[in-house]
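For the record, the sequence lines run as chains B and P. Everything in the first sequence is counted per the working numbering, starting at -16 for the first residue and increasing by one. Everything in the second sequence is counted per the working numbering, starting at 3 for the first residue and increasing by one.
Simulated from the structure, these hints should not be mistaken for laboratory data. Note that the coordinates shown come from a computational prediction; the quantities given were computed from them, not determined experimentally. Quick reminder that beta carbons are idealized off the backbone N, C-alpha and C, glycines included. Every clue listed holds true.
For each label pair, taking beta carbons as the anchor points, the in silico distance ranges come out as:
#  : chain 1 : residue 1 : chain 2 : residue 2 : range
1  : B       : Val417    : P       : Leu29     : 36 to 46 Å
2  : P       : Ile137    : B       : Gln320    : 48 to 58 Å
3  : B       : Leu(-14)  : P       : Ser138    : 56 to 66 Å
4  : B       : Leu(-14)  : P       : Pro194    : 55 to 65 Å
5  : B       : Asp112    : P       : Lys235    : 56 to 66 Å
6  : B       : Val417    : P       : Lys235    : 34 to 44 Å
7  : B       : Glu29     : P       : Arg343    : 37 to 47 Å
8  : B       : Glu211    : P       : Lys350    : 27 to 37 Å
9  : B       : Arg376    : P       : Val33     : 35 to 45 Å
10 : B       : Phe207    : P       : Leu230    : 50 to 60 Å
11 : B       : Phe207    : P       : Trp240    : 38 to 48 Å
Below, a list of computed lysine to any residue pairs in the SDA-like style, where the Cα atoms sit at most 20 Å apart:
#  : chain 1 : residue 1 : chain 2 : residue 2
12 : B       : Lys140    : P       : Leu356
13 : P       : Lys74     : B       : Pro351
14 : B       : Lys(-15)  : B       : Glu209
15 : P       : Lys10     : B       : Gly76
16 : B       : Lys5      : B       : Met287
17 : B       : Lys379    : P       : Ile335
18 : P       : Lys23     : B       : Asn345
19 : B       : Lys240    : P       : Leu354
20 : B       : Lys140    : P       : Pro355
21 : B       : Lys377    : B       : Gly416
22 : P       : Lys10     : B       : Tyr413
23 : B       : Lys385    : P       : Arg347
24 : P       : Lys10     : B       : Leu325
25 : P       : Lys74     : B       : His404
Which bits of chain P does chain B cover? Going by a derived footprint, with three or more residues having C-beta under 8 Å, they are:
#  : stretch
26 : 18 to 32
27 : 118 to 128
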Amino acid sequence: MKLFPIRGGIHPDYRKEQTSEKAIVDLPMPSTLYIPLQQHIGAPAEVLVSEGDLVKKGQMIARNQGAVSASQHAPTSGRIRTVTEVTAPHPSGLPQSTIVLESDGKDEWAELLAPIADPFAADMHTINDRVAQSGIVGMGGAAFPSAIKLNLGEQKKLDTLLLNGAECEPYLTCDDRVMREFPEEIIDGARIMAHALGTARIVIGIEQNKPQAIENMTKAASAFAEIEVVGVPVQYPMGSERHLVQAITGLETPARKLTADLGIVVHNVSTARAVHHAVRFGRPLVSRVVTVSGNAIREPKNIMTPIGARIADLIEFCGGFASRPESVVNGGPMMGQPLASLEAPVVKGTSGILALTAEEINDNPTTPCIRCSSCVTICPCGLSPVDMAAHIRKDKLELAAKLGVMDCFSCGSCSFICPSHIPLVHYFNYAKGVLNDLERERNKNERVKTLAEARNIRLEKAAEAKRAALAARKTPSATTSAGNENEAKTTATTEEKVNA
Amino acid sequence: MSIAGINKSGPFAHASNSVQKTMFTVLLALVPATAFNLYLFGWPAILLFTVTIGACVAIEAGCLSLAGKPIKATLADCSAILTGWLLAMSLPPWAPWWLAVVGAVFAIAMAKHSFGGLGQNVFNPAMVGRTVLLISFPVTMTTWIVPHPLFSPGAPGLFEAFSITFGGHMPDAVSAASALGHIKTELSRGIPVTESIAHVPDLMDMALGYRAGSLGETSAILILAGGLFLMAKRIITWHIPLTVIGGLFLMAAIFHAIDPARFASGTFHVFSGATFLGAFFIATDYVTSPVTMKGKIIFGLGCGILIWLIRTFAGYPEGVAFAVLLMNSLAPIIDQYTRPRAFGRTSKGEPLPLDKDKS
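Just need the whole structure built from these sequences, with the hints factored in.
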């Protein structure tokens, strides 16, 4: 297949060999699981259980609420100890509402939803409902509720489902292992998703540094003419949705649009496997594969982990720390977040836990920018990090916005390449945060203004009605006066209320 | 189990490059050409070279101390050494010590630190140093000597060299005109280029560097080798060097074709003066050149064309320093007009239009 070049990018030390040959192993069930109500983009789920309830594996314990949300299910059987505030897997280390489940050690499945007998005969709503009921979110890291993305077929004309198996972040091998060990499940899930989306074509993009995964997936897909497995160049950030679409189709997603506007929907390979489980067996998303790696980990592993296991449980299962880590990272080293506490649980979007030594991170004190232009050359978004950072340093965020800082998706390539070790992406994250706040503030003011204007118009109308009523009284006419009087009274009361 | 806590945000990986490594690689690339010229011009050149770098480092330390910045850590970035090195390469090889010191003051204190230090200067420090010297001390700055290779008969010994560099005793009858200077002087006397060119070293000597000229500029081939090394190491790209040389060659070749008696040939221009040094090591200075590929091409072409204009029509026989400084002043504006196109946007910054049938 003809591939298309993507702009910029970097070639970090991939270090995937630490875990790429390690088959997925199950985490021994921890005695206690901590299931946060919000593990996804959108509103937290609504709790369905209370202290002391006995639950079975796969039973829904929190229901999605609002337009964008995802349900949570019990990852094992046991008793609800409590619903309380527990440290979130977030750099802030702030607590969030979490269901605490004590395992009974039996790991008994609840009565599950019936499998959808012939998913290819079912309509898209049946499949999307099942995906929503199963609490499936994007497993590449963003954790966007998948059912909503599967609904795009209703709004847009789609032609391609693109499965993202690029896994361009260094260290991470969870998708690689899933593709090697469960290719048939992924292919089946992908076909079901494509059916729901109404796309005729499925392309699976895998970086060429995973030859075994490409081989196994190609073999599993060989029976289906509509599926194509493509090895894409090893180039970070190939796994970025928009860049992968460009590499495979040559289409460039316009700013502020979705890839779906080009007719392409991108899902992660592990998400496809979760859809397969939900549709074929009625099993909700209660576990995922997590890569635990880094030089500070004694025995790096790919671990099938129940959602809610503490990160400390995983590290212990890997033999603990071989040396004191400089940082423990949630996700890949490029876009992952530092973890404030190992007590935080694994959630649906946790792809990796990395315990990194100072040597691996290779951080150095920041020195002055020498305008070497590396950041401009490698920016996959075509931005000028050097200039944006100069504006942000002087707190001229509007100028940075003009240069396109809001188009930055924080891949971190600029920070990686900077010879002066300037934390460029950190500057941009800061600017994006402040600019978003300003935008919200502006929207709020705008709303207040609209409301105030509406009120003025209302008052004016009321006053006019009053005048009209007075005028009507002065020239009485039997048919209309009664009505006008009533109207005048009502408007008067409203006005009083408003004035009060 | 406890962890160190959060002391930084991502990414948690970094390329193995650093400012120090970059500067060091550039210094390494300068070694062959410099070593050859130090050999060619002997002990006085070695003394001048040492004095220039020493003065630059000392003045850098002084400025850092005045500004209250860390001295040791900043000196370690090697940028002052590089500036001193390049300044030395642009001086006449047997120039007196004070010339180097005055040049260093202007390069480091005025051109670099008064703007805020490394990365903040608009103009190339070494070229500011050289230009100030050229304007203030035109005679001293154009006293070229014929090659006096180390240990060759007639070459000054170490003792004699001290008196040349520190005593100001320039021996008689060693000076020579540079090729560019010779052509220019002859032209002003009404002698056409076609005749005067016979009295400059032949092309091979020009390329290899066995000729009169500044301390580090004479060997085009060794400088080219250093430049290619920098490209291989991805410190510089082809954009600036190629366009500087290309722009100069093109202008010279076109006008030479029109009037060979008035205008020297393209090859002559390319191999004389500081063309190669300027193209590979001066114009490519990160701080003072544009950051985009397109910008670099415009910048390089501008330098090349200006070098030719100055050499041909201005009062000075050599124009590399002036041309680079002029283009330095344009670098910010070039950057502003050559920004890359952002992903998903037109070059004007509007979101790309969607295909109609899909929307």
